[in-house]
Amino acid sequence: MKTLFRAVICGVLCLAVSSCDKSISEFLDKAPGVDVTESTIFSSKVQLETFIAGTYRIGLHSIFTYNDANLIPTSRTYCINAPITDEAECEVTFMHPEQWNAGNVTSATTLVANEDYRYFIRWTAIRDCNIILERLKDVPNLDDTYKNQVIGEVKFIRALNYAEMLKRYGGVPIIDKRFQLTDNFQVKRNTIEDVVNFIVKDCDDAVAKLPATYTSNFRGRITKTAAQMLKSRTLLYAASPLFNTATPYMSLGEDNKLICYGNQDNSRWQLAADAAKAALDLAPAGNFSLITDKGVDKNYKYAWEQNDNAEIVLAEKTYPSRARTQFPWYGQQPVSIINAWGGVSVIHNFVRKYEKKDGTPQTWPGGTDLMQKYAELDPRFAQTVGYNGSYYDKDVPLLETFQGGRHAADCDGGAWLKKLLPDALSASSGAVPNGIVFRLAEAYLNYAEALNEAQGPVPAAYDAVNTIRQRSGMPKLPTGLTKEQFRDRVRNERDIELAFEDHRLYDIRRWKIAENDGVMQGPFYGLKITKITGSTDFKYEPYVFETRTFLPRMYLHPFLNTEVYKGYLVQNPGY
Amino acid sequence: MNAKNYYTLGLIVLLAVVFNQPVWAQEVSKDSVTKVNTLSRQSSLNRNADRAIAYGRQPAWKITGALATVSGTDLQKNFTTSLANTLYGRIPGLTVQQGGGEPGNDSPTLIGRGINTFGNGGRNLLIMVDGFESSYEQLVPDEIESVSLLKDASATAIYGLRGANGVLLVTTKRGSDSPLVVNFSTQQGFHTASNLPQFLGSYDYARLYNEGLANDGKAPRYTDADLDAYRTGSDPYFHPNVNWYDVVLKKTAPISNYNLNFRGGNSTVRYFVLLNAIKSNGLFQNVGNMDPESVNSKYARFNFRSNVDMNLTKRLSASLTLGGSVEDKANPAATTTGSVFTSLATLPPNAFPVYNPDGSFGGTSALSNPLANLLQTGSYASNGRTLQSTLKLTEQLDMITPGLTISAAVSFNNFFRSYSNKTKTYERASATKTATGDTLYSRFGQKTSLLGNEDNSDQWRNVIFQGFLNYDRTFGKHDVSALFMYNSDSYTNTNNTTTAVLSLPYKHLGVGGRVTYAYAKTYVGELSFGYMGSENFPKDRRYGFFPAASVGWIVSNEPFLKNSSSITYLKLRGSYGLAGNDQIGGNRFMFQQLYPYTAAYYLGTGNTQVFGLAEGAAANTQLSWENRKLPILGLS
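Residue numbers (numbering that gives the first Met the number 0), protein chains in the order written: chain V, 0 to 574; chain Y, 0 to 635.
It is worth saying that the hints were derived from the structure and are not from the lab. All values derive from a computational prediction rather than experimental measurement. Worth double-checking, as some hints may not be accurate.
Subject to a maximum C-alpha distance of 16 Å in a straight line, what follows is the list of computed EDC-like cross-link-like pairs (lysine to aspartate or glutamate) [as the list claims (entries may be wrong)]:
| hint | chain 1 | residue 1 | chain 2 | residue 2 |
| --- | --- | --- | --- | --- |
| 1 | Y | Lys-538 | V | Glu-25 |
| 2 | Y | Lys-538 | V | Asp-28 |
| 3 | V | Lys-187 | V | Glu-562 |
| 4 | V | Lys-29 | Y | Asp-539 |
| 5 | Y | Lys-423 | Y | Asp-397 |
So that you can see chain V by itself, here it is in the shape it has in the complex (with noise of 0.2 Å):
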């Protein structure tokens, strides 16, 4: 009987499952399916490289802006920061740096419509290095050359990350590992001293670790030299005033140490000259070199312009050639040349920074020789700026921003941006961003800086910022200058030099130099240049086309305010 009715069971049983030719455990299994897992990522190198594509794209910062619907969220940030400063003016008043002008920087708009629109995906980035971190030691054979650049490479993009929050907010959190959902996600901030160390620390495991150079087809990967020049750039805004100090900008009282180290020590200076001088000495290795050869008034263009040049460290590659349509060259150009917009229009308080030929300043009283001054100016002024008589492209051989002209409308300050925008670039065709992580001639600049503050003008100091100005067709500095006097110079060439690379919003803020006249409040200049009948030069009158606000609390970002409420996260102050 027993026998009769455990053989009906399992009959039954057995119609039941029939339908797989899997036992009854593996029924709920998911099928085999096109689903990339993890595991699918760690199990080849050649899986493991889609990854770290991905991780390229997700973590290397840009100059420019993008919209980037898939990865980072549409924003209001379609112009450069350069507006923000008295590098020029954003000619769409509902962008970015409109609001930055008028001092309204809180806690309640969002980051994505205030400059940092990659505040969340930094985060990705950096979660993403940690997981390859954590994984890299799954994916069978492997060599340890290739594992060893792959550790350097993903250190670098969590430095870089890590660098482009320094400079944002001050201390940040650091999270070096993965997160799980049972870990504790509210982590505090670590001070600015953590945050550097931890910079650092990357970034000589990258320099370790990292080819010194990679093959043609591999151009645009982490280099030795690029994880230097993090390292000395970091070094640079650490021994600045803005964190170098005992007493921050504004108090947050025990938290101080959130917003700078707590003391002053000139000896952070000398840091950041040795890491900017090894990154000097590392650039042969890696081919890199200053462009000297392209002649003195066609070397900087050619190091902004040509994708991959010598001078280029690192690059972001995340596009193919874009048309002028598409971004992020879509809201650079001035509406009358696309109509699209705003455009950035270069201002007067920066034009007038230009030297002239001889090393000495220009003068801008007002006049009728507007095209003689123009003429009279360091050459990489016309290697930058889109100026009246100009050309800009091959469909405008002639800019034409006077009164009246065709593109004057919205040009405040009398002049539109150039760099940045290849001559390749037109109504036709499209031109591939190329867009600067790093350039060699930073580190000179850095290195000229540091060791001024370290040392005082010493001739290295003076070689390294004399090579920047000679291939440029400029005279050497003039001996005998001070230790202030030289500061005040080889910050002059920085503005100059890396121009709209997005330095200057944050060379200002480390210097603490934002409340001076005409740097980001006061008032700011334009040129009204008109026509003069029978003559081929213009009349040209410097005016106040605005008055901006500085608020001292904008020498930091702030948090959002719906992270603040979270309570674990003390906001910088005046938020």
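With the hints as your guide, set chain Y onto chain V.
Same frame as chain V, now just chain Y:
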């Protein structure tokens, strides 16, 4: 939005029980008809009749869970094409929300005893036809024995992590051990709009418009001559007065049903066979006359059913359930009922005439012509097929102990729909009269020829296996029944080809059981459980255990109430149990860390694209179903 505008006027002409033809015993024919009718009328009242419960039947007095039932006979009183729409107000606790009344587009939402679960996921009732998940809306009331809503955890615990939002059991009719009864019936009815707004005509519109302008201190828009023309209707082209509801809608639209069924059997074979045809038309006026450029809303369906029960040997019996339907739907292609009614309600009566003097459709750049939208924009026709098929074998195990049976069942169910969509656009014109009296036309829109595409739009299938051990025995005053069952189901929707993961089968696997004990038909206690797993959860958290307990006390069977004339039936019952809801929303397989995003990068001096991937939403390795703990007290 216009659902309220329709209702079916139940002009039900029950032509006849045309004839009945007893095969075995002529002499009882009259009785059998009466008996069947009486039984079916009483079925919803009779406390001793078996009711459908989860995976079985129980007499009503024995049921301790919360459960409400309606018989198929009751459903026949609502004359509509969708079975779901016959459930209005029939089952306590069942909310039926209809979204529209257009034939073929009138499926309602069903909610069992309110909203029971949180979250963004589904809150759908689990709907079982004859014990298996299947299509039910296409069934006709004539083939329905009963529809029951299981509401509390004690009734649904056996459905494990699918029971939290209630279970609707649809039971189809089966044969009986009685002579053949042949039923032919037809129902004819018509739809009409229950209420349509009455708008003012052009004269009043213009007059009041002027008054409104005057109140704002502005010059009138319409001259006295205009007003006069509106009032007299002397100039229908340039001073039109159109009641768009009359132009677009019919007063009535027909609906008809024809049903033929056979029911009967003997001790060896019992059968119920049904054929049904139903047809319903929409209320759009004149539409459909210009085929193929337009079509009225039409819905037609043919149903068949063949339920056969056989005793194969003394102990072994088989039940075969076969049901199916073929439905044809046709609806206007480029406009929905909603947009038609919106334009009917918002168009001023004097905006433009239906047709211009040259025969073209009236319209302006901003306003299109609602009639032309129906007549000139093509048609959307679809054809859907359902199949329900189940085979169940039952072996009596009396040799082990009396009252024990074992069963195995397999069920295949399937749905398929294909469509043919033909669209075009038309030209409309705004006519104006010039000073010289010529008529000037400004034309908008473009007249195109029909563009067609045909494809399948929806298809799914499921395969279900079940095994049962049943025990049911009475010892004197003790009444014991027990059920232990096994279930595995696999549902595949192959319609979605854009995301491969959605085409993977949805599966459940589990066992369930129930033990019921009753004493003297007065005290009832029941324990039940479900142990079920779903493919959507991580391997170590896949299965859930859902127990429930309930008790009942039939007070009216106590000696002190036995002979009461005022209280003929009184039952108190209570239950407590756990039910689950695995419709948690979101992506499938959220426990897996996926890398679904492409994030290309460019490398090399030639800026060559490198394929890149990015991590998706963080995996939730603790993903689980919703639990619902449910205490219930009841009184019948």
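Do the hints match the structure? See the list:
A threshold of 16 Å between alpha carbons decides the hint, and for Lys-538(Y) with Glu-25(V) the separation of about 10 Å falls inside it, so the pair holds. For the proposed pair Lys-538(Y) and Asp-28(V), the alpha carbon gap of about 8 Å is at most 16 Å, so the pair holds. The straight-line distance between the Cα atoms of Lys-187(V) and Glu-562(V) is roughly 12 Å, inside the 16 Å bound, and the hint therefore holds. Our distance criterion of 16 Å between C-alpha atoms is met by Lys-29(V) and Asp-539(Y), whose separation comes to about 14 Å.
Proposed proximity of Lys-423(Y) and Asp-397(Y) is contradicted: the alpha carbons are some 69 Å apart, above 16 Å.
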